[in-house]
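With my numbering applied, the sequence shown has no gaps in its numbers, which climb one by one up to 402 at the end.
No wet-lab data here; the hints were simulated from the structure.
We treat Cβ as the ideally placed atom computed from N, Cα and C, and that holds for glycine.
Any given hint might turn out to be false.
What the hints assert, rightly or not - Below are the DSS-like pairs computed for lysine-lysine, each with C-alpha atoms no more than 27 Å apart in a straight line:
no. : residue 1 : residue 2
1   : Lys252    : Lys163
2   : Lys138    : Lys356
3   : Lys389    : Lys146
4   : Lys252    : Lys138
Unchecked claim - Here are the simulated distance ranges between beta carbons:
no. : residue 1 : residue 2 : range
5   : Lys249    : Ile401    : 12 to 22 Å
6   : Tyr170    : Lys287    : 20 to 30 Å
7   : Tyr402    : Ile135    : 37 to 47 Å
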Amino acid sequence: MIIKTKEEILLIKKSAFLASKTLGMLAKEVKPGVNTLYLDHLAENFIRDNGGIPAFLGLYNFPNTLCVSPNYQVVHGIPNKKYLSEGDILSIDCGVYMNKFYGEHAYTFEVGEVSNKIKKFLYCSKKSLYIGLSKCKIGNYIGDIGYYIQSYIEKNGYSIVKDFVGHGLGKKMHEDPKVPNFGKKGKGLKLQEGLVLSIEPMINQGKPDVIFHNDGWTITTFDKSLSSHYEHNVAIVDGSPCLLSTFSYIYKELNIKSSEEKPFKNKNIY
């Protein structure tokens, strides 16, 4: 675990915000008839044009800028020329490196019109992220974050992917501590001022089991149920959770009104 100064937190926020802006730019491009390799090219150019480096490109030998995971793909999907279709969902995970610090951000997009059943699934998935964020404060433990995410998701009939977890973030993309989306209250590392985390629930509409594919990256649900992935970067500042990333750029493009991030802003960081 590496505690960050306020100055370092601000640098991480710059990286995270460029990742957020990239997803906002992509929001209007996610539509039927578009392929994910095209989205990947847009993202790489946008990040570089804004002074950043695509953090995923070459990281652990990953071949692209974005991780794109449609429908029953969970995470780490490789961009390709297959076209998106009406009613699909698409999780996009984007990372940025600049000023010697990493930032990353993920959102699951609706492709065209989706069913009410899918809308409810995505709503619950995203809400679980904010439930987890609300527990990132002094006096709590890593286990509290996962416990409340898991409790909410399972109460709504969905399942937690346990093969992948959130993590610390800073000069490395993946730092300690690991942050599971499941757990027990009062267990694990005690949260401290200056800790920066990536909270990223990966939620399946069906069972939690997944398949690891031979390309070394692609992960799909075992039962081919839909999977979602939402992620924020958060710092503990003045004892409370402070968001370093934002969905506001996505919401602006999609004309979504939301005040969900308001409780997680700190005037010393924004």
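Tested hints:
1. Lys252 to Lys163: 20 Å, holds
2. Lys138 to Lys356: Violated, at about 43 Å.
3. Lys389 to Lys146: This hinted pair holds, its Cα atoms lying about 24 Å apart.
4. Lys252 to Lys138: Violated - the C-alpha atoms of Lys138 and Lys252 are around 37 Å apart, more than 27 Å.
5. Lys249 to Ile401: 12 to 22 Å: 38 Å, violated
6. Tyr170 to Lys287: 20 to 30 Å: Distance hint for Tyr170, Lys287 is violated at roughly 38 Å.
7. Tyr402 to Ile135: 37 to 47 Å: Violated, at about 21 Å.
In terms of the numbered hints stated before, the structure departs from hints 2, 4, 5, 6, 7, listed from lowest to highest.
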